[in-house]
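Protein chains: 2
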Amino acid sequence: MALKGKVLIAQGGGPTAVINQTLAGIVLESRKYGEMTRTYGAIHGVEGIVNENFLDLTQETSYNLEQVAMTPSSALWSTRIKPDSKYCHDIFQVLQAHDIRYFFYIGGNDSADTVRIVAEEAQKVNYALRTVHVPKTIDNDLVLNDHTPGYGSAARFVVQTFMGINLDVRAIKGVYIGVVMGRNAGFLTAASAIAQKYPDDGPHLIYLPELEFHLEKFLVDVKRIYDRYGMCIIAVSEGIRDASGMPIVTTLRKNLEIDGHGNVSLSGTGALGDSLAQQVKERLGISRVRSDTFGYLQRSFVGSVSDIDQREAREIGERAVQLAYWNNVNGSLTIHRTGNYSVDYRLVGVEEIAAKTKVMPDEFINKDGNHVTEAFLLYIRPLLGSGLQIPSHLMAPRVPKLLIGK
Amino acid sequence: MALKGKVLIAQGGGPTAVINQTLAGIVLESRKYGEMTRTYGAIHGVEGIVNENFLDLTQETSYNLEQVAMTPSSALWSTRIKPDSKYCHDIFQVLQAHDIRYFFYIGGNDSADTVRIVAEEAQKVNYALRTVHVPKTIDNDLVLNDHTPGYGSAARFVVQTFMGINLDVRAIKGVYIGVVMGRNAGFLTAASAIAQKYPDDGPHLIYLPELEFHLEKFLVDVKRIYDRYGMCIIAVSEGIRDASGMPIVTTLRKNLEIDGHGNVSLSGTGALGDSLAQQVKERLGISRVRSDTFGYLQRSFVGSVSDIDQREAREIGERAVQLAYWNNVNGSLTIHRTGNYSVDYRLVGVEEIAAKTKVMPDEFINKDGNHVTEAFLLYIRPLLGSGLQIPSHLMAPRVPKLLIGK
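One line per chain: the protein sequences are A and B, in this order.
In this note's numbering, each number is its position in the first sequence, counted from 1, plus 489.
In this note's numbering, each number is its position in the second sequence, counted from 1, plus 489.
Hints were generated in silico from the structure; no laboratory data involved.
Among the hints, erroneous ones may be present.
[Stated by the list, open to error] Coverage of chain A stretches by chain B, computed from C-beta distances (three or more under 8 Å per stretch; other residues unrestricted):
| # | segment |
| --- | --- |
| 1 | 543-552 |
| 2 | 875-886 |
[Claimed, not checked] Which bits of chain B does chain A cover? Going by a derived footprint, with three or more residues having C-beta under 8 Å, they are:
| # | segment |
| --- | --- |
| 3 | 544-554 |
| 4 | 629-640 |
| 5 | 644-654 |
Using N, Cα and C, we set each Cβ at its ideal position, and we do this for glycine too.
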């Protein structure tokens, strides 16, 4: 029989374009069941829980909830706190005090780990609690999942960006370096390959954090492409690293900021792109070298979303509630590809997801280590959704010259 | 009576999202008139003319032309060459050799100047030639024009970006600096103000190249906002300069690249944003400070376009051909606002536009010099087009605390 009590939803980690679809899915579904007496939202993730900062989403209008669902970024805001056991104990105390019996945490692998520990706390004192981790991350780095909600939309933004860059660089030529988010997994950077429509379109080179980055090989690659096309468009993961595992940005620049997790800040700065551009200028003697770091635009730009991603993010929220209510189970929701293209959602043990990272499999990376394979293109295409505008070139014939060569 | 001969179209300067609408407008309209015997397109602007690199656009399919019209960036590619008198003479020689009688140059104020000199060359030898400058620039800096084709779409991209940034920064807090294109005119940066929906939305501060930028005042502004909201979102023009007219990026950084016009490269590098972020971190002791430089995305991203901008860019191309054909006149097309919101297109002497720069008028800038006025919001709103998605926040009530404060 279903537990009776309140529902609590929290969002963790970086925002995505569709994370609020999942929120709406959970809220709307949980409001259908009498046993789910209230639906609360924690403000700023786990911080909001320990501080008892809750919104009563039972009193949110459905209309506004649908508007919020279409709004990117975390409507409940987020946190970068990664709770330890003590913190998880505090979380549990609050859940118990508010008679919360269903805890849905929308997040990545760190959030899954929090769900795991909170579930253990409840078990210790025999407090009946349904705990469900619902996936989201633009990095697409959760194990067991074919892909994660949020990835398709961020990938679509990256594709739209590189489509434009192809057109822009072609007009004036030169070298262009676009730096894409992704500390450990290169899925988002790899998405740029979809921008190649015409044979000489970029990105001509794609560098991922899965492989060692060698500056010398990079320069050889760039020169080869530039000599051939008079231009070279490059997609680089912010997380590319050298043979010792050191982020390349730290080997090229000093005085970088360290974030709360002890990692070098890779986003919110143009350091990596600027440093690589400088190498290309100085070492290859190419004068027009530009770099853009796509930064926060990739995960929160308003107006670029994959409809497939939206739908899946909504459904996985609904399914989370349905499984917790009807099946009385804990775990982590996962997306599995069942056809071309169809998916289903399954529940796995949260410990199978927690604190683990999926990276690009070998079959998605070309053997030169500077581009993707056709297997990857097949993998990603449906995730980008429908209605993606495709650029077109003029096809008119050349006019014979009258003065030159006479 | 209309001249009989060929039509030549070229595109100059930086690309926009709708410049190919203007191209399509000229091509489709010119193909209606028997006296316009062929319609050529010059590849890489004036470079393509002197090298006789022409496409025969009479043989472009209408369907593909419509696809190209929807594609951002210059389909005929571009050039950064600013022709001197000798170069304009060479251009004229080629026009004459190909019996070109209509020359349409889509570009900014530099392109207008080229049109002016080419017209003079033709007049010198009594060669009958219709020369028309058709405006485009994301900078919106052409005099006499209410606004320019390309501006509305780039502005829409900037708005969509800051809407997302508002949501993203709100979730985790901190200071965010977004660097927007605009060397002399701040219109594009100012557009960010439209992203403010809720009272505490950013951008809280907007800095334009029209006013002197004082680092000390900037830091005071940032601190005031940050103390109030726990966050501060800032839009900065890449062209902000100090009292002596020196770009701020050069006062904060050394070893910057000089472009073909002798100007410091402001785009394609994160230098300005990173330098300002460093100042905020070091001087104000705020730990989470991020900056993004929107770079080339603002002018070529595929999938963000204003329908108003599209329509006007198309119409102004058509009108250019109609005026040249039916009225037998030379000049520069301009856009005038005639109602709220309606426009008409007029022809002015190209010398009235050439090599002149419009900047933000005083009535569009607030008296503190760190934001825009309501007059500017009224001015820009229609240019952004329809269907702009507006973010929504949750409106649910707070839940009373049970543990804290008891």
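Hints and how they fare:
Evaluation of the coverage hint for the segment 543-552 of chain A: fulfilled, as 8 residues show C-beta separations to chain B shorter than 8 Å, against a requirement of three. For the segment 875-886 of chain A, the stated coverage by chain B is satisfied: 9 residues place a CB nearer than 8 Å to a CB of that chain, which reaches the threshold of 3. Evaluation of the coverage hint for the segment 544-554 of chain B: fulfilled, as 9 residues show C-beta separations to chain A shorter than 8 Å, against a requirement of three. For the segment 629-640 of chain B, the assignment as covered by chain A is violated, since 0 residues bring a beta-carbon within under 8 Å of that chain's beta-carbons and 3 are needed.
A stretch counts as covered by a chain when three or more of its residues have a beta carbon under 8 Å from one of that chain; for the segment 644-654 of chain B and chain A the count is 5, and the coverage holds.
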